[in-house]
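Residues per chain are reported as follows:
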Amino acid sequence: MKFENYMTLEIPSRSSNEAFARSAVACFASQLDPTMEELGDIRTAVSEAVTNCIVHAYPDGLGIITIRCRILKDNTLDVVIKDKGVGIKDIQQAMQPMFTTGGFDRSGMGFTIMESFMTTFSVTSQPGKGTCVHMRRKLQRRK
Amino acid sequence: MRLTSYLQDSRLTIELTGEIDHHCAKSYIQTIASKIEAYTPQTCILDFEQVTFMDSSGIAVAINALRNMGRIGGSLLITGICGQPLKVFKASGIEKIVEIKECVL
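Chains A and B, in that order, give the protein sequences.
Here the first sequence is numbered in this note's numbering, starting from 1 and rising by one per residue.
Here the second sequence is numbered in this note's numbering, starting from 1 and rising by one per residue.
In case anyone wonders, no lab produced these hints; they're calculated from the structure.
Derived DMTMM-like pairs (lysine to aspartate or glutamate); straight-line CA-CA distance at most 20 Å: (1) A:138 - A:38; (2) B:90 - A:115; (3) A:129 - A:60; (4) B:90 - A:37; (5) B:26 - A:105; (6) B:26 - A:60; (7) A:73 - A:4; (8) B:87 - A:115; (9) B:90 - A:38; (10) B:87 - B:99; (11) A:138 - A:33; (12) B:35 - A:105; (13) A:82 - A:10; (14) B:87 - A:37; (15) A:138 - A:115; (16) A:73 - A:33; (17) B:87 - A:38; (18) B:26 - B:15; (19) B:26 - B:37.
Interface residues of chain B toward chain A, partial, derived using beta-carbon atoms under 10 Å: (20) 25; (21) 28; (22) 29; (23) 55.
Okay, the calculated bits of chain B under chain A, using three or more residues with CB under 8 Å as the criterion: (24) 16-24; (25) 58-68; (26) 81-91.
Positions of the beta carbon are idealized from the N, C-alpha and C atoms, including for glycine.
Looking at chain A on its own, in the form it has when it is part of the complex:
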């Protein structure tokens, strides 16, 4: 087995679940003994990914968001956040800072923040089928 522990969480795309989702992942990650800053980074990236599912994947109703976390052997947290929503037609455009198809309450900085707060980050999407965000964060071992 390449991973040491895992959890899967399934939630409906209600905005009231944003806080729950980021806290749940942070709780799971806490077994790696992260620093406050590392935990803050993970919470931020998860919040962005889950918000994207709520705002963009399911614009007209509720859908399912699946969050899978694994702890890999080299003190790394692996997070996958998946939806079965509308998908992204042009990922490159969506990744541009300040680009958003959301309303005035969105800044278009979600992907930029996920990318800068995590060690690795990738997005795959199929229009009409859904989007999958895959992120990893390697945590410093505390001495």
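For chain A, the structure is supplied; the task is to place chain B on it using the hints.
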């Protein structure tokens, strides 16, 4: 959403508290916009000292306040920001367009 605000010498100070995410961003944006419209201050100060967490929704809150102040010819200042919220502000590059004063620890 919890905030308190006060007006002194045409300076409107709005203190934000708790966590700012997409779930509460819209009500923050609308409440701040209506306060700016009602008081037409020369300067609006958004105080982030009591903000314990924010994602990019906090950037949207700041950008909307900046637009509202621009419309009435005033300026925006962000104060008391530190820790995780400061990191999000820096990652977004918004400090190039808004004056930010970090909190002194």
